[in-house]
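Chemist: Each chain is listed here by its residues.
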Amino acid sequence: MGNKTSLYQAHLDSGAKIVDFGGWDMPIHYGSQVEEHHFVRKDVGMFDVSHMTIVDLSGADAQAYLQRLLANDVAKLKSVGKALYTGMLNENGGVIDDLIVYRMPEGFRLVVNCATREKDLAWMEKQIQGFDASLNERPELSMVAVQGLNALAKVSEVRADAASLIESLNVFQGLEDGQWMYCRTGYTGEDGLEVIVPEAEAEKFWKDLEAAGVKPCGLGARDTLRLEAGMNLYGSDMDEEVSPLEANMGWTIAWSEDRDFIGKSALVAQKEQGLKFKQVGLVLEARGVLRGHQKVLVEHEGQTLEGEITSGTFSPTLGYSVALARVPVQAQEECDVEIRNKRVPVKIVKAPFVRNGERVYK
Amino acid sequence: MSNIPSELKYLSSHEWVRVEADGETAVIGITDHAQELLGDVVFVELPELGTELASGDEAGVVESVKAASDIFAPVSGEVIAINESLEDAPETVNSEPYDEGWFFKVKLSDSSELEALLDADAYADVCEADDH
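Keeping their order, the protein sequence lines are chains A and B. Note that the working numbering has the first sequence beginning at 19, numbered continuously upward. Note that the working numbering has the second sequence beginning at 135, numbered continuously upward.
Next up, chain B with everything else stripped away, as it sits in the complex (with noise of 0.2 Å):
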């Protein structure tokens, strides 16, 4: 079974976002069971800093050996900050999904928008479901 941290908001498929404690940053990954699904890890596209998104926006591509798989934003708002390590350490986004293994960060321009998304239990069905 794979880890879905309570605290987290997440979207079916299967980007999490984490809102930092100054409320208007939101941290945005994959989850432990999209990293498991694609196997290892080789390649992360992220947006540019200072890109304007839209809530499910392509926001970057995962690459592992097995597949492509792209990013949807999961919030509206511009972004702030890019996870550069994983350019060298794509592994990480397997290890640690949660952690270092974040992708990008925006300054979330409607924070309305978390409602819509899935808490944990509601992403653990749809995980169940893929897994039937």
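With the rest of the complex left out, here is chain A (with noise of 0.2 Å):
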């Protein structure tokens, strides 16, 4: 029996098929997890994601901590309810994680990964000695996540006293209301919000926005979302052993020279030696599913490189499979990737595949 979130009878309840994810009991669909896809992409769902871990960072030093701990830099949060988007690496420039960090209007609100909590959290610690500044792990908070172009309405109309609040809330910005905080982001490629909300107060709020017809998703439907969106997966598309410059994370990293964060020179390194993969969308528009661990193999002259794929899937919007691929730089335009003791050519993209319901990649 794994942990329980505050809504895992409200999951039962819809009808829940369950599994072990990172150690929680989650739900991985309700029934059909293309059929939640389309609801996110067409209208509105949401999901329980309070298995993800908050943490709040206060003392005067905040600041300059993170901005030794994480490699994009927290002093481009100008203002209350702006969020970043950061890994957090080791010495070596691997990625212990990925995580959203908001400006709040004392210290800073962090949202990590469920599966990494133990050893995010003993690195957090690890670092923060000679700082003033102390963490603060929040797990009677729960957190939903409602997505889709209709997200706001529903949840403005379900709340109807924090209808401004959300109303006025930019993007990647979250402003909290008392103990809740509404933040405009999410995982899908939609528009939509995150809601931290007191656990207690949790379970009310999932049944009503049910009531007002928003679909609960699992966790199935989020990966195949966040896949169409061309956004990483940890464990999947990045770990300890892969440096954020080889999985597309570069733009998440702040190089200005007087600040020094953890993993800079390994990094710095890495470009002076030169790059030896990058991080790739795959399209296969004939048949068959591109998936996680495939073999990828580029012809470059004369030569036959490999790569992998990361993470691959069905695209229910597309009708046909997409991937993120680490692969050899030299790949351009096409490779072939072995499904089966096959193999089969795909098309080398750009990431996204889809936002805002629409294919984007050319």
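Just so you know, these hints were derived from the structure itself, not from any lab. Beta carbons: idealized from backbone N, C-alpha and C, even for Gly. A portion of the hints provided could be inaccurate.
Derived contacts from chain A toward chain B, CB cut-off under 10 Å, selection only [what the hints assert, rightly or not]:
(1) Gln81
(2) Arg305
(3) Val362
Reference excerpt, derived from the structure (chain B facing chain A, CB under 10 Å, subset only) [unchecked claim]:
(4) Gly173
(5) Asp174
(6) Val176
(7) Phe177
(8) Glu179
(9) Glu182
(10) Leu183
(11) Val199
(12) Lys200
(13) Ala201
(14) Ala202
(15) Ser210
(16) Glu212
(17) Glu225
(18) Asn228
(19) Glu234
Please assemble the complex out of the two chains, which come individually in their own frames, going by the hints.
Modeler: This is the structure we're talking about:
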């Protein structure tokens, strides 16, 4: 038996099929993950993401600490509520985790992955030595992601008191309303909110949303949605052995000369030596499904170079398969993937594949 | 609990067989339990018409969003029909695994092979073992 979120009973009430996910008993789907996927792309769906770890950071050195801890620079967060996506790297430049950090009225709030919770917290505690700052995990907070073009309207309908706050939110901004926090963020490539809610109030919020027509969606749809949106999944697309520069996370690294973050010197050395791999999107318009760990074969000057699919799936929006892959930097335009002992030609594209319900890659 | 019709025969790899009234045509598909395990089916690869299958041969592939799975021939015989509607509507395998979601038909070359297949009770035991 794994950990259960405050919404576990609500999932059973909605007919969820429960699976283990990083030690948590979570819904994989409520009948059909493809239907749930389409709900989010065409209307609105909701996900229990309470298993994610919320950590608050306070203290006079909070900013200085995060500027050392994180590859992106929290100094970019000029106003309260602004959010930043970043990697947390080890000294070798490998990715310990990816996370979102919000600037709060006092201090910062971090949302990290559930499967990495223990090592993240241990690393963060280790690195905080010498800083006047302290970490406070918030397990009593649940989180519901409401995603899709009607997401903001539905949450505003259910939480009428917060409607004007929700309307004021910019993309990638989160604001508190008492113990609640409304964040215009997500993992689907659609507009939407991630709502942090005290666990005692989570089930009522979920049921109210369901009554308002918001479809419960499981981790299965969450994965196909994020992959269509070209978003990395920690543990699949990158981990401690993978450089963020080879996982399409270069844009999340702030290089300014006057800031030294953990892993920076390793990344600088990698750049000087030249990278061997890059992350690309793959598209297979013919039959078949690209899946994680399938071998990618790139023909280059008479040699066959190898790469690997890091995440692959059937794309319900497109009707064919897409993948993220780590391939030799020489790869251009097309390559082959080994699917069940057959070499299948695929197209190399720049992710994302889908945004706001529409195909976006070329 | 998944649906396991008592009149069908089964393989432990989750294929079912129904013998038609003529006594020599066997219809093959995958079980309700199999489609539940696979989740949403997105592609089905079927054998070609006229193929001579021996029991135990790989006869096709079913791919869901989650996984790919081989389909084995439960009995020997020539493939005399394939369910082409699965090309456009693979989700039928999820909604009607025993009816419109059938995969292919063979002309039985040795009907005694049917004796070696699982009956519904024995297959139910296989499913139960899977769930634990």
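Chemist: Evaluate each hint against the coordinates.
Modeler: Hints, one by one, checked against the model:
no., hint, verdict
1, Gln81, "violated, 42 Å"
2, Arg305, "holds, 5 Å"
3, Val362, "violated, 13 Å"
4, Gly173, "holds, 6 Å"
5, Asp174, "holds, 4 Å"
6, Val176, "holds, 4 Å"
7, Phe177, "holds, 5 Å"
8, Glu179, "holds, 7 Å"
9, Glu182, "violated, 15 Å"
10, Leu183, "violated, 18 Å"
11, Val199, "holds, 5 Å"
12, Lys200, "holds, 7 Å"
13, Ala201, "holds, 8 Å"
14, Ala202, "holds, 6 Å"
15, Ser210, "violated, 24 Å"
16, Glu212, "violated, 24 Å"
17, Glu225, "holds, 8 Å"
18, Asn228, "holds, 7 Å"
19, Glu234, "violated, 17 Å"
Taken one by one, the earlier hints fail for this structure at numbers 1, 3, 9, 10, 15, 16, 19, listed in ascending order.
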